[in-house]
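Q: Listed below, chain by chain, are the residues.
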Amino acid sequence: MAVFDRARLADVFGDAVEHDADRAAAALTHGFEAEPFLAGHFPGFPVVPGVILLDGMILAALRALDRLGGAQAEIGAAEIGTVAFHRPVLPGMAARFSARLDSRDEAAGRFAFKCSVTVGATRHARASISLSTR
Amino acid sequence: MSDIIAGIGGTTWAPPFVFVDRVIHMDARTAVALTVFGGRDRFAYGPFTSPSLTVEAMAQLSLALIRHSDPAVEIGIIPSLRDVVLRPLPEGPFQAAIRVQWTEGSFPRYAFEGAAFAMGEPVCEATLDILATRREAA
Chain A
30 MAVFDRARLA DVFGDAVEHD ADRAAAALTH GFEAEPFLAG HFPGFPVVPG VILLDGMILA
90 ALRALDRLGG AQAEIGAAEI GTVAFHRPVL PGMAARFSAR LDSRDEAAGR FAFKCSVTVG
150 ATRHARASIS LSTR
Chain B
9 MSDIIAGIGG TTWAPPFVFV DRVIHMDART AVALTVFGGR DRFAYGPFTS PSLTVEAMAQ
69 LSLALIRHSD PAVEIGIIPS LRDVVLRPLP EGPFQAAIRV QWTEGSFPRY AFEGAAFAMG
129 EPVCEATLDI LATRREAA
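Protein chains in written order, with our numbering: chain A, 30 to 163; chain B, 9 to 146.
Hints in this document: simulated from the structure, not taken from any laboratory. Don't be surprised by glycine CBs; every beta carbon is placed ideally from N, CA and C. A couple of the hints might just be wrong.
[Stated by the list, open to error] FRET-style restraints, in silico, Cβ to Cβ: (1) Pro-116/B - Arg-116/A: 16 to 24 Å; (2) Thr-111/A - Met-127/B: 26 to 34 Å; (3) Arg-90/B - Asp-49/A: 40 to 48 Å; (4) Arg-116/A - Thr-111/B: 35 to 43 Å.
[As the list claims (entries may be wrong)] Covered stretches of chain A, as calculated for chain B (at least 3 residues, CB under 8 Å): (5) 42 to 52; (6) 128 to 135.
I would like the entire structure built from these sequences, with the hints used as guidance.
A: Written as structure tokens, this is what we have:
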């Protein structure tokens, strides 16, 4: 069992990951169009659910972790101190999911990331996400 | 957020993004529901259910609890989450028990503590802030 399945998350968010030269950050961009969850959230007024935005940020953190030497590491738990949704992400918007390493405790297998969702230059959501490997 | 609040007024969740199957307990401050994840008619990432979807179940159950005391409340959004812990979920379809407790707030902003259990094990904890809409009196 894995907390997050990178491949399945990539089915929704794509797998075109960009990494910073310092290997501590990752980002991926996804244009929301007609994903199945939009039919139910909400009929007549589709809005990308906040938990889907959270999954996109977690995938960005997983991809950053891959480059930090944790490729394919199994994640035992994910802890999110805070996640704030500032603005809705709507169909037709290209959302950029970013994660940057904030701190690491390799002995404990714990990696903390600052994550965000932006559309253009506007931040729509942010989160502090810690991934614990096992 | 005012645009989204105005836009979703009068609507509600619909398949495949409904995550409460059956409410088995509800009192003034607490609700418990059962939900099968990973079924064909419910959104998942293929055969894989993201633990984040249990948070969505908590939000939908929280709204049901709010409406239990205030039927004029229609629907809500999650402006923020706190203290979220996500743990491994079973692969394939499984039934989860979702519990929420109304800890503070009143219309339009509420706070709930939620927990999800699968196969007897805790798989998710979260504190949810809910911003609700209410039908205007005629």
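Q: All hints, please: hold or fail.
A: Against the structure, the hints:
1. Pro-116/B - Arg-116/A: 16 to 24 Å: holds (18 Å)
2. Thr-111/A - Met-127/B: 26 to 34 Å: holds (29 Å)
3. Arg-90/B - Asp-49/A: 40 to 48 Å: Given a distance of about 28 Å, which is not inside 40 to 48 Å, the answer is violated.
4. Arg-116/A - Thr-111/B: 35 to 43 Å: violated (26 Å)
5. 42 to 52: violated (count 0)
6. 128 to 135: violated (count 0)
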